[in-house]
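There are 2 protein chains.
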Amino acid sequence: MMKPYAALEQRFRRLSALNGALAVLGWDQSAMMPEGGAAARAEQMATLSVIHHEWLTDPALGDLIANAEAKAATLTDWQRANLREIARHWRHATALNPKLVEARSKAANACEMVWRKAKPANDFKAFAKAFAPVLALTREVAAAKAAAFGCQPYDALLDEYEPGGSAARIDALFADLGKFLPGFIDKALARQARQPAPLPLPGPFPVEQQRQAGLALMKALGFDFRHGRLDVSAHPFTGGVPQDVRITTRYSESDFTKALMGVLHETGHALYELGLPRRWAGQPVGEARGMVLHESQSLLVEMQVCRGEEFLTYATPLLRRIFGGKGAAWELGNLRRLYTRVQPSLIRVDADEATYPAHVILRYRLEQAMLAGDLAVNDLPDAWGDGMQSLLGVAVPDHAQGCLQDIHWPVGSIGYFPTYTLGALAAAQLFAAARAADAAIAPGIAKGDFKPLLRWLRQNVHGQASLLSTDDLLRQATGKPLGTAAFKAHLKARYLN
Amino acid sequence: MMKPYAALEQRFRRLSALNGALAVLGWDQSAMMPEGGAAARAEQMATLSVIHHEWLTDPALGDLIANAEAKAATLTDWQRANLREIARHWRHATALNPKLVEARSKAANACEMVWRKAKPANDFKAFAKAFAPVLALTREVAAAKAAAFGCQPYDALLDEYEPGGSAARIDALFADLGKFLPGFIDKALARQARQPAPLPLPGPFPVEQQRQAGLALMKALGFDFRHGRLDVSAHPFTGGVPQDVRITTRYSESDFTKALMGVLHETGHALYELGLPRRWAGQPVGEARGMVLHESQSLLVEMQVCRGEEFLTYATPLLRRIFGGKGAAWELGNLRRLYTRVQPSLIRVDADEATYPAHVILRYRLEQAMLAGDLAVNDLPDAWGDGMQSLLGVAVPDHAQGCLQDIHWPVGSIGYFPTYTLGALAAAQLFAAARAADAAIAPGIAKGDFKPLLRWLRQNVHGQASLLSTDDLLRQATGKPLGTAAFKAHLKARYLN
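Chain order of the listed sequences is W and U.
Numbering-wise (the working numbering), the first sequence opens with residue 22 and increments by one.
Numbering-wise (the working numbering), the second sequence opens with residue 22 and increments by one.
Source of the hints: derived by calculation from the structure; they are not laboratory data.
From the three backbone atoms N, C-alpha and C, an ideal C-beta is built for every residue, glycine too.
Heads up, some of the hints might be wrong.
To be verified - Using C-beta positions, here's what the derived DEER-type ranges look like:
| hint | chain 1 | residue 1 | chain 2 | residue 2 | range |
| --- | --- | --- | --- | --- | --- |
| 1 | W | R247 | U | S275 | 24 to 30 Å |
| 2 | W | K279 | U | R299 | 36 to 42 Å |
| 3 | W | A142 | U | Q480 | 38 to 44 Å |
| 4 | W | E123 | U | F246 | 32 to 38 Å |
| 5 | U | E90 | W | K146 | 50 to 56 Å |
Put together the whole structure using the sequences plus the hints.
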């Protein structure tokens, strides 16, 4: 008879294979599948999801976990951490009545379909009607998990995306940022106004050239094409499995910068997945730590590295060569100004790194209020408008550019938004520590040699997988738990100097 | 409580979704996956295959089938046929000891890997060592299934590919062909020698132009791109699911004809899948009848239609336009001569339609002898050389171009080869019946209008799915069971007139 811990590893290896199959099917659905395949694909994925749920809620699993925990002293550090993560997955899966899971999933699917039409039609009423049951059921989910875990409802949801995260920590960090950012943005805008306006890059930029530029930079950054691909989808994402990471982007022939920065952003996510320890592949402890560190890796590459002076020193001649660029618009200084433009705006996904946190803070406040029952769905547009006015000084002209812009709430994702900005804080903190730890990193970037940076990230972040909590990992890598200091210092250095 | 038949439909719908997931993962593995993803993919597919096997061998299934069969009188024709196919799948899955299934699968995987190196290295000894256990285990499988089904061992294997097929039927058909072909080939070669030799088409042919030609002809033939794709893989195949059919080809810039005929061949397979009745999607009766009819559809499109005078009348100017072709090599007569060249040769997959049956007949005889224990693996090369000499008059210079050329035996597929030639017979018989039934078909093809042909195939073949046996379907569609007359008439008309 197999020992309880070994039996758990075997079960989770099977679960991981099932998750991997779902990840490939999901990637294909977004990047390859013709529209007529949708119904069959939905049935394939639903079938695998049901098996996954059955396996993860098997009552025998609870006994195995209890028995393994009783003998935890005999396990290694990694095994103990694996057992902790196994228990966390099991706890989330078994905290809910299956009927509630199904009802929420159905309501979310229905709401997503309504939202896809309501957003372009600017139809808040239609959305609100479909969203009300999603919110009600999400509140039930949060309450049930909070009761099971002994925590606050918001924290119970947050734990799905950021294990161990808490609203109390976020409140403190966001309060600090909230004090800093408005004054900073004013100063950055004032300085920007004194500089020459960036010249637009003259297109068109053929898709194949954009793809070549993306592939060249991915390769330079250390993306291993024996273990991954670059493709196209309507909404860029990183999918697949750690041994086979699939990133996507979307191209516009009139502007290559968005697609390219999108590729670099997803490359950051991909390098994390590719750098997870092979020894623990297929086990929960071998997975990425959570969305905060995942976002930290995409933002470290996109925001910290690729919009910085060193990277642009390396990339500018490469881009000029690929796109046949000539003249003042293709000078390093102009590209830097294009890539570090600060501009309060309406749309989160298009926001620069200085104004982005305001978008997140607004959503965080509103979703907390909705979850607590303090904000009714019908009052969302007004609360949104007020928030955008006070946080960024912009007027919201319609719902499509307001509270209907994101997919998260329509599909019942509450607790996800803060991870974007916590990730930005972690990115700044990790990059500062990396540069301080290895003097070869900064000059390497300017030459297109990213090996020193990747080595540091592999050792301090990627290779750690889920062994530690996010804060413990940051303490080990940077000497401090997650804070705002490095992010503020980064913003001041880039936008005020 | 659900009625037995309804419960069976529900279970097989889930099995079909699982099969669909496996089909997409398999397509991705061949067409998209980077090499480093192989181990993870193998684990994903093995996990789903184990679930599939568990579901299909659930003892409760046997009871449900028995109970549903007891009330079969209350079912419709389609439901009764579905029950028959359900029972057939269950019978195949439960006929074997799981240990035998696993041992054979492992031996076949190991042998495939050895074969991939042994073939280019011309190393028969290495192959023979790995193949001996595959053959021994395949003989065990055949014996176990023969005992369970009450049939001959070879027929038990054949039934996996061609339900209801029998060596006795094949023997009679192949004996007839064996008498006809040598004399026919001599005459065809003599006539060919009196005609001008075909001029080679001057390349190179850029891959993108070849792809455009393939897409244009697929579309004309009725391939619905809302339900399918064309991609590239080392070995062309038709994959995916009926609502989302993925075909592949491979391109050589020096010769577009192979890739293009490959695309047309796979399009024939794809049209069958796309034309299966949606009402029965996800049920065994809704699947393609078997490999004979599947191959009949690919060969009907490739051999009967696309190498014929009418099709080339339509396609020649289109190809000239896409490839910028000019001069005598691009005249209709030259293309016809290129596409209908008879030439006894060593390699089955490169053989023309007149000499192809000889390749199949040889393999059929040899695999029967190996299965019966009358031919030892070590005697295979001599038997192969003798057979090629007597059937086609060619000398086999090495194993790579001899008995190591195909993947079928290395992976334990015995009983598959005859379906290629039975499919060629069925293709000729169906196409002759279609042309006789609708006078609009032939002139339609010459104009690039394939709707009349597709309409007849949808009604008489595709839409029938697995309702009837292959012979009953042919009787209904052509008035006769499978025979050689139409194929012989086709060859005489194309190569002797």
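Taking the hints in turn, this is what the structure says about them:
no.: 1; hint: W/R247 - U/S275: 24 to 30 Å; verdict: holds, 28 Å
no.: 2; hint: W/K279 - U/R299: 36 to 42 Å; verdict: holds, 40 Å
no.: 3; hint: W/A142 - U/Q480: 38 to 44 Å; verdict: holds, 42 Å
no.: 4; hint: W/E123 - U/F246: 32 to 38 Å; verdict: holds, 35 Å
no.: 5; hint: U/E90 - W/K146: 50 to 56 Å; verdict: holds, 55 Å
No hint from the list above goes unmet by this structure.
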